[in-house]
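Colleague: Going by the numbering used here, the first residue of the sequence shown is number 1328, and it counts up by one from there.
Derived by calculation from the structure, the hints in this document are not laboratory data.
Using N, Cα and C, we set each Cβ at its ideal position, and we do this for glycine too.
A couple of the hints might just be wrong.
[As the list claims (entries may be wrong)] Label-pair restraints from in silico Cβ distances:
| id | residue 1 | residue 2 | range |
| --- | --- | --- | --- |
| 1 | Gly1609 | Trp1541 | 28 to 34 Å |
| 2 | Asp1368 | Pro1578 | 38 to 44 Å |
| 3 | Asp1701 | Gly1411 | 40 to 46 Å |
| 4 | Glu1366 | Gly1413 | 23 to 29 Å |
| 5 | Ser1462 | Ile1690 | 33 to 39 Å |
[As the list claims (entries may be wrong)] Keeping only pairs whose Cα atoms sit at most 20 Å apart, straight-line, the calculated DMTMM-like set for lysine to aspartate or glutamate is:
| id | residue 1 | residue 2 |
| --- | --- | --- |
| 6 | Lys1389 | Asp1451 |
| 7 | Lys1543 | Glu1463 |
| 8 | Lys1635 | Glu1654 |
| 9 | Lys1389 | Asp1444 |
| 10 | Lys1591 | Asp1546 |
| 11 | Lys1635 | Glu1611 |
| 12 | Lys1635 | Asp1612 |
| 13 | Lys1389 | Asp1350 |
| 14 | Lys1591 | Asp1701 |
| 15 | Lys1389 | Glu1400 |
| 16 | Lys1389 | Glu1362 |
| 17 | Lys1635 | Asp1655 |
| 18 | Lys1389 | Glu1474 |
| 19 | Lys1389 | Glu1355 |
| 20 | Lys1591 | Asp1478 |
| 21 | Lys1389 | Glu1425 |
| 22 | Lys1591 | Asp1568 |
| 23 | Lys1389 | Asp1368 |
| 24 | Lys1591 | Glu1400 |
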Amino acid sequence: MRRPAALLLMALALLACQCVAQDLVTLEGVNGAVEVIGEGDDQITVLYTWGTPYEMGYAHGKLLTEGVRHLYEVSLTRFMFGIGMGAEQIDEVWAQAEPHMPAADLEEMRGLADGTDGAVSFDDVKRLHIVPEISEWHCTFFAAWGEATRDGNLIQIRALDYATEAALQEVPLITVAFPDGGQPYLTVGWQGFVGTVTGMNSSQIAMSEIGDSWDKDNDTFDGIPMCFLMKDVIRSAASLDQAVAMVQDAPRTTCYLYCLGDGKIPDARALQTSHSQCIVYGPEDLPYERLADTVYMSMGINSGWNEKIGGVLAEAHGRIDPAVAMEDVMAGCGTGDLHAVAFDATAGRIWVANAEGDIGAVIDGFNRPFVEFDAAAAFDRVRALAGE
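With the sequences and hints as input, model every part of the structure.
Modeller: Take a look at the structure:
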């Protein structure tokens, strides 16, 4: 099956107003560039954006209109059916969160809608970005470094187990962004989605997440949505301590577990959070089998999966590397059905595998080929594109 990303790239190649720099596709006057990595069904679109939040959102919508349209016409429709909520009900949830939204993200969302020239409304953009707060997902992460890894580097994963029925996997995207006055960062997600559920920045901070319900009686939507809290951290944090403090100090909503890694030190922490609580764990006080220089969580703070993942990591301890992350943990345990990502945050590289197919014929992401992406080089590239 040929992905919309590949069809889009072919169509853009025919536009007279474009210019091509090496393997990048650009449009005159648009602060963005597109390339496609991988081969065949493994292809992933990469979007480079820079400038103001509005300019970055506009570039996303303009360069990737067809993929963005898919996310809203197909995925949003299926999400609404799946959670049993109409537009008015979703709007009520959004209204609680909107006062806590970073102004930059609202502007980027507006730019995204405007870039599609009417194909997608700003209201629908808001609706889609609050869906993660309403729906449930159970995922896996770990971070290992120092004596736990083969070369001492910080190796981290983000295995996203979520509804492949929504067909997000049809429009996979890596966004490499360089906001005015900020630092380059990347997110692994989908065309039309400007939040963050998987990300890393040029300060070598990587972030993963798991949905949970351990303190659900205190859940609220009156706070910053998870995908924008993560984006704020990835966009802003330059150190592990700063990243942890940003999560601790945020007006949080519902129950999430986070993994924050810093490839510079290297070191990492696992966070157990809810609206009112934030517990920070290092290797020495993790509530499961404790392994030197390792933190991990899977499917929820009280899930039996924690023992399963811990056992695999204990067996590989001292030789953990990206191959162990991809083959032994994600593929071996069967976690990361929508997308599976391994980070070497010290070396500045990631490996991404996405699900393939639609309802009834989906191949899980963890069972598909991983595509390597040089994040450090991409950060240099987006700086150059921005004229720095």
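Colleague: Please go over all the hints and tell whether each is borne out by the structure.
Modeller: Cross-check of the supplied hints:
1. Checked against the hint of 28 to 34 Å, the pair Gly1609 and Trp1541 fails, with Cβ atoms roughly 19 Å apart.
2. Asp1368 and Pro1578 have their C-beta atoms about 41 Å apart, which keeps the hinted 38 to 44 Å range intact.
3. Between Asp1701 and Gly1411 the C-beta distance comes to about 42 Å, which sits within the given range of 40 to 46 Å.
4. Checked against the hint of 23 to 29 Å, the C-beta distance between Glu1366 and Gly1413 comes to roughly 41 Å, which is inconsistent with it.
5. Between Ser1462 and Ile1690, the C-beta spacing of about 22 Å breaks the proposed range 33 to 39 Å.
6. Annotation: proposed proximity of Lys1389 to Asp1451 holds, straight-line Cα distance about 17 Å (limit 20 Å).
7. Straight-line distance between C-alpha atoms of Lys1543 and Glu1463 comes to about 12 Å, which keeps the hinted pair within the 20 Å bound.
8. Proposed proximity of Lys1635 and Glu1654 is supported: the alpha carbons are some 15 Å apart, at most 20 Å.
9. For the given pair, Lys1389 sits about 8 Å from Asp1444 by alpha-carbon distance, which is consistent with the 20 Å threshold.
10. About 34 Å separates the Cα atoms of Lys1591 and Asp1546, which puts this hinted pair outside 20 Å; it is violated.
11. A hinted pair counts as satisfied when its Cα atoms are at most 20 Å apart, and Lys1635 with Glu1611 qualifies at roughly 19 Å.
12. Our distance criterion of 20 Å between C-alpha atoms is met by Lys1635 and Asp1612, whose separation comes to about 18 Å.
13. About 18 Å separates the Cα atoms of Lys1389 and Asp1350, which keeps this hinted pair within 20 Å; it holds.
14. Only pairs whose Cα atoms come within 20 Å are accepted, and Lys1591 paired with Asp1701 is accepted, the gap being roughly 17 Å.
15. Between the alpha carbons of Lys1389 and Glu1400 the distance comes to roughly 17 Å, so the proposed pair stays at or under 20 Å and holds.
16. Of the supplied pair hints, the one linking Lys1389 and Glu1362 holds, its CA atoms being roughly 14 Å apart against a limit of 20 Å.
17. The straight-line distance between the Cα atoms of Lys1635 and Asp1655 is roughly 11 Å, inside the 20 Å bound, and the hint therefore holds.
18. Taking the CA atoms of Lys1389 and Glu1474, the gap is near 46 Å; set against the 20 Å cutoff, the hint is violated.
19. About 11 Å separates the Cα atoms of Lys1389 and Glu1355, which keeps this hinted pair within 20 Å; it holds.
20. For the hint pairing Lys1591 with Asp1478, the CA-to-CA distance comes to about 14 Å; that is within 20 Å, so the pair holds.
21. For the hint linking Lys1389 to Glu1425, the alpha-carbon distance of about 25 Å lies beyond 20 Å, and the restraint is violated.
22. Of the pairs offered as hints, the one joining Lys1591 and Asp1568 holds, with about 12 Å between alpha carbons and a cut-off of 20 Å not exceeded.
23. This hinted pair does not check out: Lys1389 and Asp1368 have alpha carbons roughly 24 Å apart, beyond 20 Å.
24. For the hint pairing Lys1591 with Glu1400, the CA-to-CA distance comes to about 41 Å; that exceeds 20 Å, so the pair is violated.
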